[in-house]
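Chemist: Let the sequences and hints guide you as you build the complete structure.
Respectively, the protein sequence lines represent chains L and B.
The first sequence begins at 1 in the numbering used here and counts up by one.
The second sequence begins at 1 in the numbering used here and counts up by one.
Wrong hints could be hidden among the right ones.
[Said to hold, decoys possible] Partial list, computed: chain L residues near chain B (C-beta under 10 Å):
#	residue
1	R68
2	F78
3	I93
4	G122
5	V265
[Stated by the list, open to error] Here are the simulated lysine to aspartate or glutamate pairs, DMTMM-like style, with alpha carbons at most 25 Å apart:
#	chain 1	residue 1	chain 2	residue 2
6	L	K231	B	D161
7	L	K64	B	D52
8	L	K14	L	E58
9	L	K5	B	D161
10	L	K259	B	E159
11	B	K113	L	E88
12	L	K38	B	E22
13	B	K56	L	E116
14	B	K194	L	D42
15	L	K259	B	D161
16	L	K64	B	E159
17	L	K178	B	E107
18	L	K38	B	E24
19	L	K174	B	E107
20	B	K187	L	E35
21	L	K174	L	E205
22	B	K56	L	E35
23	L	K259	B	E24
24	L	K5	B	E159
25	B	K201	B	E91
26	L	K112	B	E92
27	B	K56	B	E24
28	B	K187	L	D42
29	L	K178	B	D35
Keep in mind the hints are simulated off the structure, nothing from the lab.
Just so it is clear, CB atoms sit at the ideal spot from N, CA and C, and this is done for glycine as well.
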Amino acid sequence: MTLTKRIIPCLDVKNGRVVKGLRFKSIKDAGDPVELAKQYSDEGADELIFLDITASEERRETIKNLVRKVASVINIPFTVGGGVNSLEDARNILLNGADKVGINTGAVKNPKILTELMNIFGRQCVVVAIDTKRNYEPKENATILTENGKQFWFEVFIYGGKKGTGIDAIKWAKQAQKLGAGEILLTSIDKDGTKDGYDILLTKEIVNSTSIPVIASGGCGKPDDMVEVFKETNVDAALAASIFHYQTHGVKGVKVHLKDHQIPVRL
Amino acid sequence: MVSVAIFDYGAGNIFSLKNSLEREGATVEVITTFDKPNHYSGLLLPGVGNFDPAIKSIHDNSQIEFKDFVKDNTPVLGICLGMEMFFEKSEEGIERGLNVIDGEVIELPSTMKIPHMGWNNLEIKKPGKILDGVNNNSWVYFVHSFRVKPVSSDVITAESDYGIKVPAVVEKNNFFGTQFHPEKSGKIGSLMIKNFLEECKR
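Modeler: Encoded structure:
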């Protein structure tokens with residue numbers, strides 16, 4: 001056996017509460033992140049990711065409390081991201097019980113933070129989160145790709161997908177690896193929320209351009225989408241949020257489905 | 001009630017390890033120096049940080065040597081980096097290791113994705129105290145870029161298959177090491193933590 005493919009539920013958290021999935025009935029309205037974390041961990045999730053979208057003065061204290069509570073009820077690895085802009089933000093997360101810290105905007109604006117984090121905490125703690133979408137405007141030096149006869153490149157976005165940076169995502173992924181990132185959380189803005197499947201082209205490009213683990217994110221609407229991303233690319237992990245919020249697609253059910261399709265998973 | 005200490009190199013998540021020990025009924029103290037009476041039934045070297053800074057944090061903050069601190073056969077569990085520190089040296093740094101098990105620490109082959117991160121099976125080679133009640137092929141969580149290479153393969157009680165065999169559990173006298181993270185390895189990891197604490201109670 002080699003390493004299994006990792007299945008990672010993602011929880012968006014605001015002010016200490018889960019906010020994504022509100023439109024789904026069942027358990028998810030204003031869910032308690034600690035309860036959900038425990039449930040997913042017990043169901044066989046390989047890892048958890050929390051994206052904190054709190055934007056208040058007390059955010060550091062809120063995250064700290066959340067991280068501590070989650071760490072005390074689960075025994076699988078977990079990553080916390082969202083709003084990490086400084087070494088202090090990262091330290092606050094890692095020293096209170098998270099195993100890895102996800103950085104997006106903070107790393108784009110100050111790339112050397114990746115190196116500083118690697119030197120203090122080790123590469124395995126440093127997850128660079130890359131949000132990207134297709135840009136059809138020609139750009140010099142960008143990695144030009146073709147799909148359905150159209151040319152484009154992948155642009156890095158920051159501030160939760162709100163602001164384009166003009167940075168080429170493939171180049172940024174390589175640079176982030178070189179600087180100290182130990183893993184890439186790759187989110188396709190084009191696919192996010194579509195439930196149309198992962199961005200296979202994007203995932204393939206990033207996986208083939210780097211040698212650190214990559215987590216595919218954005219677009220997962222059903223277990224077959226995970227089968228596809230694992231069959232079509234050499235990605236290491238798949239993240240999903242909404243499919244786990246339906247009782248019909250529990251973590252275990254998804255993993256059984258993957259196993260039935262010859263994807264190596266931990267069951 | 002069993003009382004154990006975690007040595008904190010100051011570089012990462014030891015909260016989860018502390019929690020996993022407390023869940024199994026241990027009292028846990030976090031220490032940053034060996035210059036104090038060893039009234040603990042066990043010691044843990046956690047698996048977070050880098051080789052040189054971790055070794056230095058031990059040497060710089062302690063007059064008393066690690067070997068002297070545990071000379072009354074205090075059981076020691078080294079996790080990941082903590083286990084790597086048991087050996088003479090590591091390709092991750094230039095500092096000397098704690099040198100309680102003969103051998104060295106070498107980089108994983110560059111043909112793999114590094115850091116090597118995820119769940120893999122244990123192939124149990126022989127019975128061991130940490131592995132008591134653990135089934136062959138159990139899943140455990142690894143995250144590392146280096147592996148140990150003991151001089152004597154006798155100390156290896158379990159391996160994992162990455163295409164190459166990687167020592168996953170080592171045991172020598174009072175020294176126990178896991179390359180994976182038992183505190184992150186679900187129920188089976190908790191069992192190993194419990195086994196270590198049983199050893200501490202002896």
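Chemist: Next, verify each hint and record whether it holds.
Modeler: Against the structure, the hints come out as follows:
no.	hint	result
1	R68	7 Å, holds
2	F78	9 Å, holds
3	I93	9 Å, holds
4	G122	5 Å, holds
5	V265	9 Å, holds
6	K231/L x D161/B	22 Å, holds
7	K64/L x D52/B	28 Å, violated
8	K14/L x E58/L	12 Å, holds
9	K5/L x D161/B	15 Å, holds
10	K259/L x E159/B	24 Å, holds
11	K113/B x E88/L	29 Å, violated
12	K38/L x E22/B	17 Å, holds
13	K56/B x E116/L	18 Å, holds
14	K194/B x D42/L	19 Å, holds
15	K259/L x D161/B	19 Å, holds
16	K64/L x E159/B	36 Å, violated
17	K178/L x E107/B	17 Å, holds
18	K38/L x E24/B	17 Å, holds
19	K174/L x E107/B	21 Å, holds
20	K187/B x E35/L	18 Å, holds
21	K174/L x E205/L	11 Å, holds
22	K56/B x E35/L	39 Å, violated
23	K259/L x E24/B	33 Å, violated
24	K5/L x E159/B	20 Å, holds
25	K201/B x E91/B	35 Å, violated
26	K112/L x E92/B	21 Å, holds
27	K56/B x E24/B	31 Å, violated
28	K187/B x D42/L	9 Å, holds
29	K178/L x D35/B	39 Å, violated
The structure fails to meet hints 7, 11, 16, 22, 23, 25, 27, 29 from the earlier list, while all remaining hints are met.
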